[in-house]
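Since the structure of chain A is provided, determine the placement of chain B on it from the hints.
Chain residues, written in single-letter form:
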Amino acid sequence: MLSIRNLHARVGDKPILKGINLEINAGEVHAIMGPNGSGKSTLSSVLAGRDDYEVTDGEVIYMGQNLLDLEPEERAWAGLFLSFQYPVEIPGVKNIYLLKAAVNAIREHRGLPELKAAEFLKLVREKLKVMQMDEAFLHRNVNEGFSGGEKKRNEILQMQLLEPTLALLDETDSGLDVDALRIVGEGINRMRSPDRSVLLVTHYQRLLDIVKPDFVHVLANGEIKLSGDHTLAKQLEREGYEGFEAA
Amino acid sequence: MSQQEIDQLVDQDYKYGFVTDIESDTLPPGLSEDVIREISTRKGEPEWLLEWRLEAYAKWLQMTPPDWAHLEYPPIDFQSISYFSAPKKQGDGPKSLDEVDPALIETYNKLGIPLEEQKMLAGVAVDAVFDSVSVVTTFKEKLHEAGVVFCPLSEAVHSHPELVKKFLGSIVPQNDNYYAALNSAVFSDGSFVYIPKGVRCPMELSTYFRINQQNTGQFERTLIVAEEGSYVSYLEGCTAPQRDENQLHAAVVELVAETDAEIKYSTVQNWFAGDDEGKGGIYNFVTKRGECRGDRAKISWTQLETGSAITWKYPSCVLKGADSVGEFYSVAVAGKKQQADTGTKMIHIGPRTRSTIISKGISTARGQNAYRGLVKVLPGAVDARNFTQCDSLLIGDQCGAHTFPYVEAEEPSAQLEHEATTSKVSDDQLFYLRTRGMSEEDALNMVVNGFCKEVFQKLPMEFAVEAEALLGITLEGAVG
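Note that the protein sequences, when read in sequence, are chains A and B. The numbering of the first sequence is the working numbering, which starts it at 1225 and goes up by one. The numbering of the second sequence is the working numbering, which starts it at 25 and goes up by one.
Hints listed in this document are in silico derivations from the structure and should not be mistaken for laboratory results. Treat the numbers as computed from the prediction; the structure is a model and nothing was measured. C-beta: ideal position from N, C-alpha, C; glycine also. Keep in mind that a hint or two might mislead.
Stated by the list, open to error - Below, a sample of chain B positions facing chain A; criterion: calculated Cβ distance under 8 Å: (1) 453; (2) 459; (3) 460; (4) 462; (5) 471; (6) 477.
What the hints assert, rightly or not - The calculated lysine to any residue pairs, modelled on SDA-like cross-linking and capped at a C-alpha distance of 25 Å, are: (7) A:1340 with B:490; (8) B:482 with A:1364; (9) A:1318 with B:443; (10) B:166 with B:282; (11) A:1238 with A:1309.
Bound-form chain A, shown alone (with noise of 0.2 Å):
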């Protein structure tokens, strides 16, 4: 589904990845561990499309295109999704009009008919629940005034109503409590199936707890040191990432 070949990017000057290749396949999901400043969410906004990164090296194929042709947009037509780390507010833009005009805008480009208000209120209600959101959600600014929890949360709700191919999460863990890690974990798995995938961007391993990952990589300094089953993720969590640090 994904293949990362070499992939180089930089800001500015400074060279923030360096060489990464990752294979990820339909069904799959990774996690990518590292230290603060390894790159992870760098890897992430490259995939994504952001343009603060110059690609200076390598490519990626994404179902078969190069991903990186792609304007972020046509990227979200062909299934890609990103959650953001830090989710961006839209002052006087309720959340419901820009849920809808997503999952339109997304269900045009794969031949769906556009969904009527009706319809979509339906469908918005079911993922409430399962994210065990109230509806005055959808009433409220995009992200204006939302706890970083609820940010998340939100997040992962675009993530139902949109239904990607491949997920990247950024730092979905990061600021939840217990309650909404459990909430988000398992919005997560729901996800899960035979074609879509899942790249995990995280710092820590407690999201991995909820949520398994086939694959766990180890990004420090701009490249992956390390990959191994669920377990790598248990020993990073006893041992730390020193050893890689230095690299």
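Leaving out everything else, chain B in the frame of chain A:
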């Protein structure tokens, strides 16, 4: 987004750029007493109105153009402007649409406002001002039944001389300011609205203005009088054809609201803004003022200003009656090389008078947007209250936003609040929305519409839809 992309996004040709080929009855350029006499004669005005014009002209000659606004433009040569232009009439004027010049009808069709359909549309009467003379007035009968007078001011001079004489210049005096004085001397035409005591106007009154005649200044003058306990909602919408020379526009609007009366005045202004260098755009110097004369009277100004090279406009409320209310809701867009200096004045005189000011300025490309507002509370305006909110939104990094709030409170019990914010449409916001499947253009529209929401909510429904569409058109372009 790169600067180049932003430039492309905000750059677009004026959609309504065309000139209708109608024979016009136009005076040669220049201004003098003789010209004013000629205007008055051609309009068949009574002697008192000619005297009034000449008086204003004498005052104007003593005045100098205001220079305090945050605007830059070359001095205007008032002798190079033609002060009268009227579409040629057949006989005594059209009695039905069949008699209207087909080219004129075509112009309306291009603008998407076919009069035939408007007649059938739910409750909107149109007093179409084409250049200077009102050509077609519809729905007169229905309004007549309610006792509402809605006609060209030039007609009201003859049909309701006592009312015009009583109220003309009573809110905006001849020498109020340079452009108001000029308007008083040479005003071409405009609307006259009179709502009798206790009458709720059965439909929203709508006027479409359109500047068409090459190199002809437009000097509309509108007068709305709402008697005790009456209500009227008035809509003003404008588009103009593309051209090279700057066009001067100096309108005056006067509103009178008596006890318990309410006037809602909404404007969507989309005059030609000029090219990327600001060449050819309309100069818009407008004086709009309403007076709440009686207790509990209410006047609301709502405006969307997207056009003109220069906008100089401060719709104001004089709150005389006790418990009277003034409101100003504004969205002003300055793109290309547009300059907007706009805001409001709220003058609190009566006790417990209240005013609300919500101003949203959007600057793109090399646009310069200034909010200028005055809240004045006179002694005796006990417990007067004002809430002011000025928000500026910047798109790109070559534009500017400026805020000039003036407060003069001479009444210790007054409560005044002021909030101001300046924000940029951030790359983060656009990126966030694009990852949700929205195009760059849709993403920008969503952010901008969110910013304007508080004001658009105040527009009548059909106007709000038009306003959002117009804002979209204004910001759209080749997204790269």
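Hint check:
A hinted interface residue such as residue 453 of chain B counts as satisfied when its beta carbon comes closer than 8 Å to some beta carbon of chain A; here the least separation is about 5 Å, so the hint holds. At its closest, the beta carbon of residue 459 of chain B sits 5 Å from a beta carbon of chain A; the interface hint therefore holds under the 8 Å criterion. The beta carbon of residue 460 of chain B is positioned within 8 Å of a beta carbon in chain A (closest approach about 4 Å), and the interface hint is therefore held. Given hint, residue 462 of chain B at the interface with chain A, holds; its Cβ is 6 Å from that chain's nearest Cβ, closer than 8 Å.
Interface restraint check: residue 471 of chain B against chain A, minimum CB-CB distance 6 Å, threshold 8 Å, status holds. Restraint check, residue 477 of chain B versus chain A: the minimum CB separation of about 4 Å is within 8 Å; hint holds. The suggested pairing of residue 1340 of chain A with residue 490 of chain B holds, with an alpha-carbon distance near 22 Å, which does not exceed 25 Å. This hinted pair checks out: residue 482 of chain B and residue 1364 of chain A have alpha carbons roughly 20 Å apart, not beyond 25 Å.
Between the alpha carbons of residue 1318 of chain A and residue 443 of chain B the distance comes to roughly 22 Å, so the proposed pair stays at or under 25 Å and holds. The suggested pairing of residue 166 of chain B with residue 282 of chain B holds, with an alpha-carbon distance near 23 Å, which does not exceed 25 Å. A C-alpha spacing of about 22 Å is found between residue 1238 of chain A and residue 1309 of chain A, which places the hinted pair at or below 25 Å, so the restraint holds.
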